[in-house]
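*Asks:* Assemble the complex: chain A is given as a structure, and chain B must be docked to it using the hints.
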Amino acid sequence: MTHVLGILLALAGFWALAVSMPRHQRDLAGRTLAKSHAFTARWAGWALLAAALAVDIAGLGGGYGLVAWCAHLTVGAWLTVALLHLPKR
Amino acid sequence: MALVHTWTGLVLGWLLFAMFATGTSAYFQDEITRWMQPEVTGTADPVASAQGAVRFLQRTAPDASFWFLTLPNGRSATTQAFWYPGTGTSGQTEAVLDESGREVTVRQTNGGYFLYRFHFDLHYLPVLWARYLVGIAAMFMLVAILSGVITHKKIFVDFFMLRFGKGQRSWLDAHNVTAVLALPFHLMITFTGLVTLAAMYMPWGILANYASPDTFQSAVFGDPPAAERSGRNVPLADLAPLMRKASAQWGGREVGVVRINNPGDETATIALTRGPGEAMGSRGEVMVFDGTSGRQTGGSLPQGAALKTESVMIGLHSGRFAQIALRWLYFLSGLAGTAMVGTGLVLWTVKRRQRLPDPERPHFGFRLVEKLNIATIAGLGCAIPSYFLANRLLPTGMAARADWEIHTMFLVWLGVLIWALLRPAARAWLEALRLAALLFAAVPLVNAFTTSRGLPVSLMRGDWLFVAFDMVMLSLAAAFALAAARLAARQRKASAGRTMGREKAVRA
Chain A
1 MTHVLGILLA
11 LAGFWALAVS
21 MPRHQRDLAG
31 RTLAKSHAFT
41 ARWAGWALLA
51 AALAVDIAGL
61 GGGYGLVAWC
71 AHLTVGAWLT
81 VALLHLPKR
Chain B
1 MALVHTWTGL
11 VLGWLLFAMF
21 ATGTSAYFQD
31 EITRWMQPEV
41 TGTADPVASA
51 QGAVRFLQRT
61 APDASFWFLT
71 LPNGRSATTQ
81 AFWYPGTGTS
91 GQTEAVLDES
101 GREVTVRQTN
111 GGYFLYRFHF
121 DLHYLPVLWA
131 RYLVGIAAMF
141 MLVAILSGVI
151 THKKIFVDFF
161 MLRFGKGQRS
171 WLDAHNVTAV
181 LALPFHLMIT
191 FTGLVTLAAM
201 YMPWGILANY
211 ASPDTFQSAV
221 FGDPPAAERS
231 GRNVPLADLA
241 PLMRKASAQW
251 GGREVGVVRI
261 NNPGDETATI
271 ALTRGPGEAM
281 GSRGEVMVFD
291 GTSGRQTGGS
301 LPQGAALKTE
311 SVMIGLHSGR
321 FAQIALRWLY
331 FLSGLAGTAM
341 VGTGLVLWTV
351 KRRQRLPDPE
361 RPHFGFRLVE
371 KLNIATIAGL
381 GCAIPSYFLA
391 NRLLPTGMAA
401 RADWEIHTMF
411 LVWLGVLIWA
421 LLRPAARAWL
431 EALRLAALLF
441 AAVPLVNAFT
451 TSRGLPVSLM
461 RGDWLFVAFD
471 MVMLSLAAAF
481 ALAAARLAAR
491 QRKASAGRTM
501 GREKAVRA
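These protein sequence lines are chains A and B, in that order.
Going by the working numbering, 38 is the number at position 38 of the first sequence; the sequence numbering is gapless.
Going by the working numbering, 465 is the number at position 465 of the second sequence; the sequence numbering is gapless.
In case anyone wonders, no lab produced these hints; they're calculated from the structure.
Mixed in with the good hints, there may be bad ones.
Stretch-level coverage of chain B by chain A, calculated; a stretch enters the list once three of its residues show a Cβ under 8 Å from a Cβ in chain A [claimed, not checked]:
id : stretch
1  : 331-340
2  : 387-401
No farther apart than 30 Å at their CA atoms in a straight line, the calculated lysine-lysine pairs in the BS3-like style are these [said to hold, decoys possible]:
id : chain 1 : residue 1 : chain 2 : residue 2
3  : B       : 351       : A       : 35
4  : B       : 166       : A       : 88
5  : B       : 245       : A       : 88
6  : B       : 351       : A       : 88
7  : B       : 153       : A       : 88
If you're wondering where the values come from, they're calculated on a predicted model, not measured in any experiment.
All C-beta atoms in this analysis are idealised placements derived from N, C-alpha and C, irrespective of residue type, glycine included.
Just chain B, with the same shape it has in the complex:
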């Protein structure tokens, strides 16, 4: 069992670390987006935003086969609009809109949404491959968690143990404290993570019973089937009364998503979905309306036990239902999961270092793991603040700006990988940890110089979202600086020990 735990944890551990870290950030996805759009202030009304988005799309993409709107909730202030096929010379298919339907063009960014998508779609990879890879990693995680519990013989005796300055023992204690004490979260998040993509990993149930996944979707979730445009133009029904009707039907819960098929055509349909954050079950009820008369034509079936379970599991995973206090607890648990994977990866090398025939010249496998650990743990610690710094430092009018924020993050990450490969491991750890601390500390500083919402101002105004963001950046900077300082102290002690050992050998 110990063997199973060691190797399932290692093989995809680097990917799992990145999934845990970015997935944790996704609990504050909307807040990160708001920080990355400092020009957007205030809150937005979902009904007015939907009407504004419709006005924008009637101008921009009147002939689209569908419009898809993610409306603002209490936490966000902008509408995400997608449509198909693309319009204009660039084939534009998406836009970020404010309440009145004007495109937010000041500082193009994918915001917290990118980090959220990365944790299961990765980047620069076909989405399908990425999701299979992520699913395999999550399966390994599940095996590692279960085998970890079984192999941890003193789970109750060592429950509260944390010994400092004892090398391998301390790493093991830290691994246990982050893993065992947050075990309900880790088990839940790993299992429900697999559930979110279960229909993709195991499509056979649907394939055996439905002609295609689309018929399953419209039968069970009420998505209107796509129809051909008739070519006869009829104005779209006003969304406001439909949204009010849906909200009343759902006991006051707001509409979160609007999908309009064949807008402006006689065959138009309007599907309204309850917002995912309005209840613990994230799969919202759907109401479908005729797009011209506004008459209700259908909707989702009442959910049976299996669908309700699935919906609540996905809801538990994404935590959209959580109010601010519980949201912070989710975030802390996610950090613990990230630390669990990180300490586990480091433990693999710490445990084997003493057993190496020559610790000065480790074999290839050991060196590879050590370098990948640096590139992943310290590397992502450099990459994430770089994403935020790019948001503040790239010229606001730059072409493909949102993409370049992302490229910056990966370029920095790649840079740390190359650095780790070129330098001796002990030096590379120290340098990369210090760089991560510097970059995290630079975020609030650069924010204060490039926007009018720096920490002193936001403190005075009571702009708690910006205060909290800057404080989290400073805390992460402190954590990386502390790690670097302790590592430096240990290295000094170790090299002093080695010199003494050599002197003794010379004297003898």
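Isolated chain A, as found in the complex:
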């Protein structure tokens, strides 16, 4: 369960980080976001990645949680890439 939650939080975090980047804003919405919105998205992204770490350590213990977090970040980032680009094909 912790693994699913960790991956979802990492996915949400990376998605927010992607949204904070002008290139992906143009791809997703056809326009760039206001600076303040992009700023919010960036901070939300980092906060969600940190939340994933907190959840992993709480659920799996310090060392094990840290290892799992690295793996969750990777899978979360891959899912973000897939969600960004696969619909375009």
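*Replies:* Frame of chain A, contents of chain B only:
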């Protein structure tokens, strides 16, 4: 820096691809072994298995100078026994045993253990050479990873980029997505891989402080020093109470390895080592007992910071501590590493093809790289399923059967290399990728016809290990088939383009 990345990545890239692919399979080493021993079912108790193995060895190798047992854990069901010197007319030194100590003789195989050993010992080569070669490759990998990060100028801007159908750009994106997004894993696995063999690559610290590596081993890790047999026979102490005592001492963690020196002799010693999967640090604590009275005589020292770090690094590398969910994530990361090396190798040719003076007749270096890419990437894709197919198709009673499973794998690999050398590169890519897809797809099929544990049956029984194995084979078959289909489409487009170009030239 770009130059450093390109060439360090290429020179040993083919070896690294094979190391990554087989090393990735090692995360499911025990599961692969269980798939390759379909006659062995159920689980085994480590204590009963140790007692069974002792009974077997008392019959088979009573005069050995040592017995070495790797006991079953929650994931495996058999005991690996090694002893020395060899016994019988064949000089047998190893056996796979079931819980009651009977030799598993139905279908001799090295199972997942072979693929695991191959990723750092290779095969048909002296182990020492292989390990130096593998160490050099890992060093190159480390340089390639670090220089890759430095040379990747748009690492943050391109973080989430994956463009399809854009030739070189797409290959570069795929290389980045598999490399950058799993970077923590790649860095960890490469560095800790070097750590596992660090004492061999850099022996001077030990040589300067100890008379020999053996004295270092027994001083630090508690291995009992070998002693001469006295010749007076005294029965061996029962292992069960000793194993229970050790497990209690280690907070319930189980014994994984048993080493008995001079078994049956007055000088016998019993060394119990904690199982490598029982904690993140893979270097388990050791307890040493007098082999006749069962009195504890020694053990490993409490680990200091350096030893603990080493132990955890090796543990992180081998992932034995990982439960099933994390184990799958390890496996996925390993696949990404394999894909990173593979896309990097292909990228080398894609990038240079347009710059060739005559793309129809590339120079020797380019042809060599292209052919070796085919032989490595598609070749290993044919070789690994062949190993599994040989396990099901070779006669079960055949002599040297386990060896022939391995020979089959290398013969197929060699066959693809020769094929790649003989055929035009574009055709060879397509044919070898298709063959890999076919062979992977054949594994579940052949399994269903040759055993009673085919996919429909294992699905109904909830035999998830067999279900997962077959599903992974089918997924790999699909991946190779997809690669072949996309390549075929591209080749059709390219040849149509060339014909049009020629027609234009004729008209003009």
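*Asks:* Would you pick out the hints that fail for this structure and give their numbers low to high?
*Replies:* Failing hints, ascending: 2, 3, 5.
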